[in-house]
Amino acid sequence: MEHQQQEGAADICPWCDSELVWDEEIGPEEVCPHCSNELGGYRTLSVGGAQAEEEDEDEGAGLAAGHAGAAARTAGAASRSVEGLDEEADWEAGDDTGWAGAGRPQSWLRADEKVQRILDDQEEMPECPSCREYMLHAGTNALGAGSFSPVEPPSLKKPLLPDSIRLQLYVCPNCHEVSTKLDLGSRTFLAERLDQED
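Read in order, the letters of the sequence shown correspond to residues 93 to 290 in my numbering.
A hint or two may mislead.
Restricting the straight-line Cα-Cα distance to at most 20 Å, the calculated cross-link-like pairs of lysine to aspartate or glutamate (DMTMM-like) are [as the list claims (entries may be wrong)]:
id, residue 1, residue 2
1, 273, 216
2, 273, 255
3, 249, 216
4, 250, 225
5, 206, 225
6, 206, 269
Everything labelled a hint here was simulated from the structure, so no lab data went into it.
Please put together the full structure from these sequences, using the hints given.
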């Protein structure tokens, strides 16, 4: 009987998903023979029938044999059936989080899709200096003669930028960092100014 229960429950390596068959005399493996990763404790997943679960519950609870143990097994079986129904109802209802969303709500998945579509339409996709995600072009800021005064470096004796410039404003959808870049016209002016001979 014990041998049959042994075959009913199998250990699975969480790293390589290989079934681990171990010798009864030696006991369970401490290291996976396939991928050489450490096994044990919370890292090992036991898959088996209800008998294996009852054994684990009895060992973990540390209950004395007798009436208390039988009552606990009966209560455990009842709670497992209720939990099983709850899990089944959640599965059928369509859980809002899960493996595909890495635990995030589906609203985040929809936002990620929209961000990707916006990035596909952009001409430039600068990286965020904080988190390295691509930034979204949020708008343009015009700086005129009253709000911007260009500097004339002594070695150049001419301003690097024109009196009025336009800045493209980018925002990171991940960390909300804001960054600005010169628009194409101002960049062209700067490049020409630096390329001029004295």
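**OP:** Any hints from earlier that this structure breaks? Give me their numbers in increasing order, please.
**Re:** 3, 4
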